[in-house]
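In order, the protein sequences belong to chains A and B.
At position 29 of the first sequence the residue is numbered 29 (the working numbering), and the sequence of numbers has no breaks.
At position 158 of the second sequence the residue is numbered 158 (the working numbering), and the sequence of numbers has no breaks.
Warning: the hint list may mix true and false statements.
27 angstroms max Cα-Cα, derived BS3-like pairs, lysine-lysine [stated by the list, open to error]:
#1 A:Lys203 <-> A:Lys155
#2 A:Lys8 <-> B:Lys40
#3 A:Lys179 <-> B:Lys127
#4 A:Lys202 <-> A:Lys155
#5 B:Lys40 <-> B:Lys12
#6 A:Lys179 <-> B:Lys40
#7 B:Lys40 <-> B:Lys127
Hints in this document: simulated from the structure, not taken from any laboratory.
Remember, predicted model here, so these are calculated numbers, not experimental data.
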Amino acid sequence: MKDHRENKVWELKQSGFSLGALLRVWLIIGATSFGGGAMTQYLIQDHFIYRRSWITEEEYAHFWAMCQIAPGINLLAVTILIGNHLAGRMGVAISLLGLVLPSAVITIAISAAYSSISQYPRVQSALRTVFAAIFGISLATNWRMVRPILLANYKHGWQRFAFTLGLFTGSAVFYMVCKPPVAILYILGGLFGAAVYWRTAKKSDEGE
Amino acid sequence: MYWLLFFAVVLKAVLFSTGGMGPLPSLHNDLIAYGWSTEKEFTEALAIGQLTPGPSGLWVLSLCYLVAGLPGALLSCLALLLPPQLILLVQYGYSRIAGHEATQGVLDGVVLVIVSFSVLVLAEIMKSNGLDISLLIITAVSAALAISRRVSANYILAVAALVGFIAN
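I would like the entire structure built from these sequences, with the hints used as guidance.
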C-alpha cells in the first residue's frame, strides 16, 4: 500500500505536479470554462487526463459515477475527489479555491453589470429570448437524463416502467395541486425508487 | 433580511438536490414564498448563469447576488460548497453500496422528481415573463438543436440574445 502511494507521488512529480501547479490549472479552468458544466467537464478532462496525466480516464469515470449519488453540484464533488486524490485535504482546498474563486468573481461581476443595464427595454427583450432558449436547452438536458431511466425500466418489465411514469407525472401533479415542501418530495421520490427497485430485483431473483 | 434563514434556505436547496439545476424547484418555492425574490430575478439569474464560467450551478450565486447583494452571494457560495464535501463520505462507502439495486432506485427516483419539478418551474417562470408565439418557437428550436447536438449551447444562447435585442 505504502509502495503504491510512493509510486504515485513519484509519478506525479515526474509529470510536473506541485500544489502551485494544481492551483494554476484550476484557476485556468475556473476563469475560462464559459459554457456551463459541459465545458467545465471538458476542460477538467483535457488538463488532468490528457495534457498532464495526473489522473487516468478510469479514475475520472469512477469519480464521476460516485458524484451521481452525492448531494450538490456534481462538478464541485468531482473537484473535491480530484484534489483529495492528488494531494489530500490541501489538494481539496486548493482545487475548490482555484475553480470557484475566478468563476464566482466573474459571475458576481456580470450580475452587477447586468443590474446597471437591466432597465433598458432591449436588454429585457434579449433576456426573455435567452430564457426561452434556456428553457428549450433545459428540456433537452432533462430528456437526456430521463431517457436512459425510461429505457432501462421498460426493458426491466411493466412494474418498473409504470413506476417511472407514475413518479414522473405523479410528482408533477402532486406539486401543482398540493404545493408540498420540495425537499420532502425528493426524499419520498428516493425512498419510493429504492423500495420499488429492491422489490422488483428480489422478485426477479426468486423467479430465477 | 434574516441571514441565517437565508443561508439555511439555500443550503437546504443544494443539500437535497443534485446537478446544476437541481436546487431550482426548492429555491423557487422558498424564495418566492418568503417574498425575497421575484420570477424576473430567477429569469435573470438563470440567463446570467449560462454566460459565466464554471459549473452551471453558479446561477444560484447570481440569483443570491440579485436578491441580497454581496453578502447574499457570499453566503450562497458557502452553501454551494458545503454539501459536495459529503462526497468524501460517499467515497468511503461507495464500493459497498454501488451495486445494490436500492441505490440505483434512490438515484432514479430523485432524478425523476427533480426533472419533473424543474420543467414545471421553468415553464412557470417563462409564463410569468409573458408568453407569445415567437418565444415558443425559440424554445422549440433550441430544444431541437440541443437534442441534435449539432450546435453548441453557447451559439444557441448568443443567437437568441441577438434576436431579442434586434426585435425590440
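Outcome of the hint check:
1. A:Lys203 <-> A:Lys155: holds, 15 angstroms
2. A:Lys8 <-> B:Lys40: Status violated; Cα separation ~51 angstroms.
3. A:Lys179 <-> B:Lys127: Distance of about 18 angstroms is within 27 angstroms: holds.
4. A:Lys202 <-> A:Lys155: This hinted pair holds, its Cα atoms lying about 17 angstroms apart.
5. B:Lys40 <-> B:Lys12: holds, 22 angstroms
6. A:Lys179 <-> B:Lys40: Within the cut-off at roughly 21 angstroms; holds.
7. B:Lys40 <-> B:Lys127: With Cα atoms ~11 angstroms apart, B:Lys40 and B:Lys127 stay inside 27 angstroms; holds.
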